[in-house]
Structures are given as C-alpha cells and as structure tokens.
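Asks: Given next are the chains, with one letter for each unit.
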Amino acid sequence: MSSIKVSTTINGDPTEYVCEADETLLDVLRNRLGLTGAKEGCSTGDCGACSVTIDGRLTCSCLVLGAEMDGAEIGTIEGMASGEKLHPLQKKFIEHAALQCGICTPGFLIAAKSLLDHNPKPTETEVRFALAGNLCRCTGYDKIVRAVMDTAAEMRRA
Amino acid sequence: MAKVIIWSSLKSHTGGESNLEIEAGNVKDLLARLGETYPGLQPQLKRGVSVSVDGIIFRDGWLTPLKPDSEVVLLPRMQGG
Amino acid sequence: MPLDNAESSTRKYKVVGTRPNRPDGVDKVTGRARFGADAVAPGQLVGLILRSPHPHAKIKGIDASKALKLAGVKAVVTSADLPDKTDGDAMLYDVLVNVMAREKALYQGHAVAAVAATSASIARQALKLIKVDYEILPHVTDVDEAMKPNAPLLYPKMITDGMDPKPKKPSNVVRRYEFGHGDVEAGFKKAEIIVERSFKTEATHQGYIEPHACLANVGPDGQGELWVCTQGHFMVRDTCARLLGMDFSKLRVTASEIGGGFGGKTTVFIEPIALALSRKANRPVKVVMSREEVFKATGPTSSSSIDVKIGATKDGRIVAGDATLRYQGGAFAGSPVEFGAMTAFAQYDLDNVRAVGFDVVCNRPKQAAYRAPGAPMANFAVESVIEELAHKVGMEPIDFRIKNAAREGTHSSYGPVYGPIGLLPTLQKAREHPHFKAPLGKNQGRGMACGFWFNFGGQSCVSMNIGVDGTVGVTVGSPDIGGSRASMCLMTAEELGIPYDKVRAVVADTGTLGYNDVTDGSRTTFATGMACIMAARDAIKKLCARAAQIWGIPEDAVVWENGHAKPAGSNAGNFPPMSLKEIAAQAPSTGGPIAGHHEFSADGAGVSFATHICDSEVDPETGFTKILRYTVLQDAGKAVHPSYVEGQFQGGAVQGIGWALNEEYIYGKDGRLQNAGFLDYRIPVCSDLPMIDTVILEIPNPGHPYGVRGVGETSIVPPLAAVANSVSAAVGVRMTELPISPPKLLAALEKQSAMKKAAE
Chain D
1 MSSIKVSTTI NGDPTEYVCE ADETLLDVLR NRLGLTGAKE GCSTGDCGAC
51 SVTIDGRLTC SCLVLGAEMD GAEIGTIEGM ASGEKLHPLQ KKFIEHAALQ
101 CGICTPGFLI AAKSLLDHNP KPTETEVRFA LAGNLCRCTG YDKIVRAVMD
151 TAAEMRRA
Chain R
1 MAKVIIWSSL KSHTGGESNL EIEAGNVKDL LARLGETYPG LQPQLKRGVS
51 VSVDGIIFRD GWLTPLKPDS EVVLLPRMQG G
Chain B
1 MPLDNAESST RKYKVVGTRP NRPDGVDKVT GRARFGADAV APGQLVGLIL
51 RSPHPHAKIK GIDASKALKL AGVKAVVTSA DLPDKTDGDA MLYDVLVNVM
101 AREKALYQGH AVAAVAATSA SIARQALKLI KVDYEILPHV TDVDEAMKPN
151 APLLYPKMIT DGMDPKPKKP SNVVRRYEFG HGDVEAGFKK AEIIVERSFK
201 TEATHQGYIE PHACLANVGP DGQGELWVCT QGHFMVRDTC ARLLGMDFSK
251 LRVTASEIGG GFGGKTTVFI EPIALALSRK ANRPVKVVMS REEVFKATGP
301 TSSSSIDVKI GATKDGRIVA GDATLRYQGG AFAGSPVEFG AMTAFAQYDL
351 DNVRAVGFDV VCNRPKQAAY RAPGAPMANF AVESVIEELA HKVGMEPIDF
401 RIKNAAREGT HSSYGPVYGP IGLLPTLQKA REHPHFKAPL GKNQGRGMAC
451 GFWFNFGGQS CVSMNIGVDG TVGVTVGSPD IGGSRASMCL MTAEELGIPY
501 DKVRAVVADT GTLGYNDVTD GSRTTFATGM ACIMAARDAI KKLCARAAQI
551 WGIPEDAVVW ENGHAKPAGS NAGNFPPMSL KEIAAQAPST GGPIAGHHEF
601 SADGAGVSFA THICDSEVDP ETGFTKILRY TVLQDAGKAV HPSYVEGQFQ
651 GGAVQGIGWA LNEEYIYGKD GRLQNAGFLD YRIPVCSDLP MIDTVILEIP
701 NPGHPYGVRG VGETSIVPPL AAVANSVSAA VGVRMTELPI SPPKLLAALE
751 KQSAMKKAAE
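One line per chain: the protein sequences are D, R and B, in this order.
Under our numbering, the letters of the first sequence match residues 1 to 158, in that order.
Under our numbering, the letters of the second sequence match residues 1 to 81, in that order.
Under our numbering, the letters of the third sequence match residues 1 to 760, in that order.
These are calculated hints, taken from the structure and not from any lab test.
Since this is a predicted model, take the numbers as computed values, not measurements.
Ideal Cβ placement from N, Cα and C applies to all residues, glycine included.
Incorrect hints may appear among the rest.
Stated by the list, open to error - Capping the alpha-carbon separation at 25 Å, the derived lysine to any residue pairs in SDA-like fashion look like this:
hint : chain 1 : residue 1 : chain 2 : residue 2
1    : B       : Lys403    : B       : Lys442
2    : R       : Lys28     : B       : Pro702
3    : D       : Lys121    : B       : Ser687
4    : B       : Lys166    : R       : Trp62
5    : R       : Lys11     : B       : Pro702
6    : B       : Lys12     : B       : Gly470
7    : B       : Lys166    : R       : Arg47
8    : B       : Lys85     : B       : Lys66
9    : B       : Lys157    : R       : Lys3
10   : B       : Lys166    : R       : Pro39
11   : R       : Lys3      : B       : His411
12   : B       : Lys169    : R       : Lys3
13   : D       : Lys91     : B       : Met147
Claimed, not checked - Facing chain D, according to a computed beta carbon distance under 10 Å, are these residues of chain B, among others:
hint : residue
14   : Asp27
15   : Gln674
16   : Phe678
When you get a sec, could you build the whole thing from the sequences and use the hints?
Replies: What follows is the structure in structure tokens.
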C-alpha cells in the first residue's frame with residue numbers, strides 16, 4: 001500500500017507522519033506517534049475512549065483517517081496539562097475518585113474540557129448529555145459528573 | 001466426630017443422607033475420609049469444593065483444625081467476579 | 001487465621017476511612033498509564049485470530065499453506081500447535097478447547113487459527129487465505145430449547161450428573177444441583193398465600209471498555225515474557241505454562257493497567273495463542289481483540305430461565321420457598337447455576353427451602369464470571385416474587401422483608417449458619433432513608449430488593465520494603481481494577497503509624513512474588529489488604545528488634561506505638577521513642593535493610609448484603625423507562641477508602657440497571673450474535689442515569705483485623721429486581737423477562753389493556 005505524508009499540529013507541536021490510506025487517526029496516534037493516551041474501546045465511535053479534538057472540535061479519533069489530518073490542529077490527552085500543572089479537570093477527577101480502572105478517563109477528560117470550553121456553567125443535565133458519547137463501565141458516572149460540575153464551579157471562581 | 005452437611009443433590013452418593021459424621025482432625029483429612037467412605041463423591045471433590053466450618057467459609061485452608069463438634073458444610077468451589 | 005480481631009469495632013483509625021488521592025491518579029488522567037494494548041516490543045508482530053462464522057460445525061480440515069506463503073507472515077497456529085497437555089484436568093481441557101477449537105467449532109466466534117505477521121494489514125490478508133473446511137451442524141442457543149429431548153447435542157455422550165436415577169439418554173444438561181433444607185411440600189401446605197412465577201433473563205456482557213490485549217515474547221530457550229491486561233497474572237502464568245508445556249518459573253507475566261474486568265478477565269483467551277505464535281515465529285507478538293471479538297468470543301454471562309414459588313401465612317411469615325434455575329453457560333460445562341441456587345433465598349430466614357439448578361450447554365461463548373456470578377438472575381426472580389407476595393399478604397414489601405430477613409443464627413439457604421451479618425441494618429436504614437418517603441408522580445413506581453454475595457479470601461503474598469528515608473514500598477500481586485493500591489497504602493500506613501503519602505504500592509510481576517489469586521470474589525481489599533497489615537506487623541517486629549539492639553535492651557521490651565518504637569515500660573529503660581524514619585536511617589549500619597513480608601491463604605471473608613431502592617418512570621407511549629432515583633445501602637464491614645467503596649456500589653448498581661433495562665445478547669435463528677457492538681448492545685450512558693446515592697454501613701467482619709468485607713460484587717445482585725419491581729409498580733404489570741426493553745414493555749402494556757377491555 002502506498003503511504004501518505006501528513007503535516008499537522010498535535011498539542012501545539014508541528015508533527016509530520018506517514019501513514020497508509022486505511023489507518024485511522026487513532027492508529028496513527030497510538031502506533032506511529034506513541035501517543036497511547038487515546039484508547040481503542042470499540043473502533044466504531046460508540047465508546048469515546050479515543051476522543052480527541054480536531055480544530056477544537058470533539059471527535060472520536062477512530063472515525064477519521066490519519067490521511068485526512070493534513071493541516072489540522074489535533075488535541076490529545078497528552079497535551080492537557082501544562083508542564084507539571086494539571087488541568088483543573090484532571091485534578092478534580094483524581095480528588096473525586098471519578099475513575100476506577102481509568103481506561104475511559106482520557107476520553108472523558110477531553111469531552112469534559114470540550115464542554116467547559118463552550119459552556120462554563122453547565123447544568124447536571126447538560127453535563128450528562130455532553131458526556132453521553134463516552135462509556136464508563138466502572139463508576140456509574142456519578143463521581144464523573146460531580147467532578148465536572150465541581151471543576152466548572154472552581155474555574156468560574158478563578 | 002465432625003458433623004458434615006452435604007448439598008441435596010449429592011445425597012444419591014451417600015444413601016440419601018445429607019447429614020454425615022466424619023472423624024477428622026482437619027478439613028484435609030475430612031475430605032479424604034469423605035471420599036473414601038462415599039466414593040460417589042470423588043468426582044465432585046476432584047472438581048473442587050469449598051467448606052464452611054462453623055459458619056466461616058474456607059475456599060482453601062485445608063489445614064484448618066476441626067473441633068469434635070464442628071459443623072462442616074460442603075459447598076461448591078467458590079467463584080467470584 | 002480468621003477471627004483474630006476483637007479490635008475492629010473499637011479501634012480508632014487515623015488513615016483508614018479517609019479519602020486521599022490514589023497513587024496512580026496522575027498517570028491515569030494524563031494518558032500515561034500503560035494498559036494492555038499500550039506496550040510495544042522491538043520487532044513485534046501483529047497477531048490476529050481466525051474465528052468460526054458458524055455456531056456449530058465440525059472442522060474437517062484447515063489449509064494455511066497460502067497464508068504462509070504471503071510475504072510478511074511469520075507464523076500460523078492451529079489446534080495442532082497446542083497439543084493436549086492437560087493430563088486429565090477436565091476444566092483445563094475446556095480452557096484449551098475454548099482457546100482454540102479442536103474437532104468442532106462450538107460457537108460463532110470460536111477461534112480456529114491464528115496468524116502473526118509484520119503488519120495488521122498483512123495479518124488481515126493472511127486470515128482470508130486460511131481455508132477451513134467446515135461441516136455445519138445443527139445448533140441451539142436458548143436454554144429452554146437446549147433442554148428439550150430433541151435438541152441438537154453439543155456433546156453426544158454427555159449424561160447429566162447429579163440425577164437420581166442416572167438418565168439413560170445424553171442431553172445438553174451437564175449437571176443438576178440441589179440445595180436447601182426442611183420439607184418444602186409440608187411448608188407449602190401451611191401457606192395461606194402462594195405466588196408462583198416463571199422468569200427469563202438474557203445473557204449480558206461485563207462490557208469492560210478495554211478489549212483483551214497482550215504482548216508475548218517467547219524464545220527458543222523456553223523462557224518467556226507476557227504483558228497482559230488481566231485480573232490475575234499468576235493465573236495467566238500457570239494456565240498458559242501448563243497449556244504450552246513451559247516451566248512456571250520461566251514464564252514471567254506482568255499485569256498491565258487493566259481497563260475493567262468485572263470477572264471477564266479471570267480466564268485466558270488470547271494469551272496462549274499469542275505465546276504459541278511468538279514461540280513459533282521467535283518474535284514478540286501482540287494480540288489485541290476488537291470489540292466485536294470481545295462480544296463474540298470472550299465470556300458473557302449465562303442466560304437463564306427460572307421458576308420460583310414462595311408461600312406465606314397471612315401474618316406475613318414465609319413458610320416455604322422453592323426455585324428451579326436453568327442457566328446455559330455457553331458451549332462448556334460450568335455455568336454458575338449452583339451459585340444462583342445457593343444465593344436465591346440467602347437473604348431470608350426460612351425453615352423450608354429448596355433450589356434446584358441445571359447447568360446447560362448451548363452454542364454460545366463459554367460464560368465467564370461477572371460480579372457475583374450467577375446471583376443477579378436468581379435474585380431477580382426471587383425478589384420479584386417476594387414483592388408480589390408482600391402485596392398479596394397486604395404488607396409493605398420492606399416490612400415483609402424485615403420480618404423474614406436472615407440474621408445472626410439463621411440457617412442459610414445454602415447450608416451454613418450466619419454469624420454477624422448486615423442485612424437487617426440495610427433494610428432498617430432503607431426504611432428511614434428520605435428516598436423511601438419521597439412522593440411519586442404519574443407513571444412512576446418504586447421498587448426495592450435485597451441481595452447477597454459470599455465473598456472469599458484466597459491466596460495473597462505481599463512484600464514491604466522500608467527505605468532509609470523512612471518511606472515504604474509495598475509490593476502486591478493483585479491487579480488493581482478499581483483503586484486497590486490506594487487501599488493497600490491506607491492499610492499499610494495505618495498499621496505502621498506513618499502518613500499515607502509515605503507509602504507507595506506497586507503491582508509486581510510473577511517473578512517477584514509468590515502466587516496471588518485473581519482479583520475476583522471481592523477479595524483484594526479483604527485478603528491482599530490483610531496481607532499488607534500482616535506484612536506491616538512483620539516489619540514492625542523487625543523495627544522493634546532493631547530499636548532494641550540500638551538501645552541494648554531485650555526485643556520484647558520494645559513496643560510499637562504511633563509509628564514509633566518505645567521501651568515497653570520504665571523497667572525497660574529510659575529511651576526517647578524512635579520513629580520509623582529514625583530507625584530506617586540507621587538500617588545500613590545496624591544490620592541492613594528492613595522489610596516485612598506475608599504470604600497466606602485468607603479465609604473468613606464475611607458475607608455481604610445490600611438493599612437497593614429504585615424509582616423509575618415509564619413512558620406508556622414508547623415503553624421507555626427512565627431511572628429517576630436510585631439508592632444503594634450496603635454493609636462494607638469497614639470502608640477503607642470510602643470513595644472507592646461508593647464507586648463499587650454505584651458501578652455495580654448501574655451495571656445491574658443496564659442488565660435490567662437494555663443489555664442483552666440477541667441471537668438470530670442462524671445462531672449468530674446480532675449485536676456485537678456498543679451501538680446495539682447498549683450499556684447505560686451518562687444521560688440515562690441520575691446520581692446513585694450510597695449509604696455505607698459498617699458491621700465489622702470478625703475475619704479481618706479492621707473488619708473489612710469485600711464490596712465489589714454484591715452491588716450488582718439487587719438492581720435487576722429493584723428495577724423490575726419499580727417498573728412493575730409504575731405500570732401495574734409484573735415484568736418477568738429481562739431486559740425490560742421498550743418493545744417488551746409496550747407488548748406487556750398492550751396485553752394488559754386488552755385484558756382490561758375483555759373484562760369490561
């Protein structure tokens with residue numbers, strides 16, 4: 001199969017990679033770039049464990065092709081903290097015990113950040129619908145919703 | 001003699017009796033005697049059992065000492081998720 | 001040795017019971033934590049598995065010659081590469097056959113061959129080039145159909161065990177179990193009100209978000225490494241080594257971070273295949289399942305068919321309970337029907353009780369454990385009848401349950417007599433809970449249920465090393481599924497008398513520690529936690545001995561208090577207390593490193609009870625059920641890290657809600673699974689649910705130094721019935737089949753209105 005060269009920006013860093021036409025962005029991130037924070041839970045866009053942002057928009061990286069990403073700005077969980085400073089969502093997820101096994105956590109954080117970027121004062125219902133594309137099998141979502149609500153409140157105070 | 005209670009569907013191997021009496025110093029001896037006395041129980045013993053000794057469940061712990069009046073309940077080998 | 005802890009009820013805890021941040025938190029929120037599929041090895045190959053498209057077929061031949069000729073293909077493995085080394089161990093033989101089909105493919109998705117290649121696309125092409133010659137056989141996927149006299153047989157020579165007299169004809173029924181005591185027939189003669197119903201539940205999947213994944217590396221010297229997401233890497237080592245004829249000590253298995261298990265990762269599927277491919281190719285091989293493979297070829301639950309009959313007197317005392325349970329466990333013996341039969345009535349104090357279970361095989365994947373395996377379905381059936389019986393007796397269901405609840409001294413339905421148990425406190429707390437008194441609106445209903453699970457202990461081995469800076473490393477062999485490392489650190493810190501943040505727990509590989517049982521049976525916080533406490537006590541003994549040597553006084557003249565060695569009394573000498581840190585700092589020059597260790601098989605895991613309350617609202621137009629409010633009340637013995645105890649309660653409850661409302665394996669007439677993906681197998685999502693309220697009760701388990709009981713499994717037992725009772729209350733129709741999906745509920749509503757019209 002012939003390879004395709006792609007120039008893109010990942011977490012603010014200019015990045016170039018070569019991929020085959022049938023490789024998803026998730027495949028590229030995980031297998032070619034070593035960014036394994038995005039997880040493959042289903043490869044059909046149902047679980048949200050592979051969530052990233054593409055040009056600011058929340059996307060399942062298993063549903064787009066790596067070859068389509070030329071010129072795009074991609075955000076992954078690896079870019080969420082700045083240096084040693086965790087994003088408030090990351091801190092609150094730990095404090096609220098909003099993760100048990102942690103496999104869904106990167107996806108939830110990306111989705112939650114995307115929500116708070118657009119809606120700094122979400123209601124519980126808005127949080128629940130914004131996160132409905134992300135599956136968690138351990139927590140029953142309770143502590144995740146609390147962590148996101150608490151983060152929103154804290155970020156508003158800041 | 002420890003009192004041994006087996007579950008009902010094993011009764012066909014013990015002449016219809018579910019309350020047995022076995023002389024044994026610990027669980028390991030008890031299971032061995034049980035198998036010798038009632039060979040029909042061997043396949044289940046081989047498949048695996050747990051026991052409750054005086055109300056406490058032992059999945060393994062075959063060296064647990066038995067008192068003369070201990071009540072041992074035979075249970076299928078415990079599994080969990 | 002259990003029963004050593006009179007201290008648990010009076011002890012004041014400093015660290016245990018607090019809610020510190022978990023030690024693996026930062027790794028998991030930054031994407032840095034390495035799960036099964038996140039590992040790479042130099043020169044690794046991609047392993048893929050060819051699976052049977054047929055639910056039941058004879059394998060007449062496999063021709064892999066074309067695949068082997070494809071450039072980039074390094075190995076092909078079939079059952080011929082996995083000769084039978086099980087030495088008469090029937091259960092291990094079933095594992096071998098499940099890992100790779102031999103004479104027959106027994107279910108759709110059954111592995112028949114595997115390939116290792118230099119890329120995923122070459123491996124995919126290679127799979128297409130492997131020709132399997134199948135002779136298709138008739139199949140059966142429903143438990144009741146499989147029990148019929150003319151059903152297609154999976155094992156034409158199988159005679160049901162546990163029947164008296166022994167049947168003459170073969171069938172799909174592996175074994176009959178019977179539990180109980182008293183005289184059920186005599187009991188029913190005393191009954192003034194009897195309710196009898198039949199129920200069905202469909203198979204569900206644990207639905208862990210991380211598919212199975214492993215990275216195997218075996219050399220021609222017979223040594224191997226395996227990186228794998230599993231609930232028990234020692235089990236993986238022993239099982240794989242036996243299947244492949246390797247020495248246990250030469251196969252080192254490392255547990256990755258694990259992305260959920262719930263019982264589904266307590267056995268092996270891809271691991272022996274990856275090792276066999278790696279051995280044959282002499283290269284590292286990584287095998288990662290797709291979600292479709294997870295649904296089709298791992299271990300969902302049994303589906304079930306259950307009859308329940310319960311009789312009571314008019315004053316609300318149950319006089320007899322009888323149940324017959326039929327569980328299909330997939331294509332192999334071993335459905336958890338005995339646990340269904342044992343637990344069905346375990347929450348009641350009954351003089352006459354009987355539960356009969358039939359273990360049945362079908363052309364479905366071999367079931368695996370799922371949180372309290374076998375119990376939720378039985379509980380659904382019994383607790384549905386209990387609710388209906390309470391209404392007929394004219395009592396509030398909660399009062400009916402309280403009146404008949406098992407308590408200390410009750411002869412349990414599965415045999416033993418209960419010690420101190422927490423069922424009544426959960427019921428009493430439930431009755432006082434604001435949820436119980438909250439008003440309900442139109443089309444809304446409230447249901448409840450009580451549930452039981454055994455819990456067990458098992459083997460654990462822990463090492464504890466004290467650094468010269470006074471910090472402590474705890475090495476455990478129990479994979480951490482839900483925050484157990486935090487609990488291990490809490491118990492270690494508590495026992496040593498040092499702050500939580502001075503302790504770090506790691507999960508070690510199989511070369512580092514003695515055998516540790518699988519993280520299952522709600523055992524880790526109980527058993528491995530107890531091993532941590534014992535290892536800390538071992539370390540304390542050595543710390544005290546070291547202090548005694550430094551002071552020049554006898555060892556038994558030193559005691560440990562609040563993280564310090566102290567002379568036992570004024571006679572022992574007048575020395576200021578020496579902290580752990582001070583003793584540790586002197587370790588190199590006073591005899592070398594100080595470490596604690598403990599290995600044992602823990603018994604005395606206390607049984608666990610829970611009461612759940614559920615409010616739901618049904619849309620009569622669509623048949624859609626919305627959960628409005630949900631409360632879990634469960635006895636934890638002692639909550640080591642309350643946040644993670646709550647998390648277990650909430651997670652189990654929501655999995656149970658999914659089982660009750662949405663989740664099911666749907667088979668076509670062709671015996672093929674029709675919904676092998678998260679779109680059509682719908683697990684609850686965030687917007688489906690309310691907050692899940694929790695109440696932790698602490699009735700100490702006398703079998704643990706701190707009174708801990710396992711909490712991981714019981715929470716999935718009551719929700720099926722609690723939800724069904726709530727829906728039945730909302731619509732006035734008893735729902736006896738799970739899941740209560742909108743089509744099923746609409747059909748029930750239509751039937752009800754047709755019957756009403758007919759009556760008018």
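Asks: Next, verify each hint and record whether it holds.
Replies: Consistency of the hints with the structure:
no., hint, verdict
1, Lys403/B with Lys442/B, "30 Å, violated"
2, Lys28/R with Pro702/B, "24 Å, holds"
3, Lys121/D with Ser687/B, "17 Å, holds"
4, Lys166/B with Trp62/R, "31 Å, violated"
5, Lys11/R with Pro702/B, "33 Å, violated"
6, Lys12/B with Gly470/B, "24 Å, holds"
7, Lys166/B with Arg47/R, "19 Å, holds"
8, Lys85/B with Lys66/B, "29 Å, violated"
9, Lys157/B with Lys3/R, "37 Å, violated"
10, Lys166/B with Pro39/R, "16 Å, holds"
11, Lys3/R with His411/B, "15 Å, holds"
12, Lys169/B with Lys3/R, "36 Å, violated"
13, Lys91/D with Met147/B, "54 Å, violated"
14, Asp27, "8 Å, holds"
15, Gln674, "15 Å, violated"
16, Phe678, "4 Å, holds"
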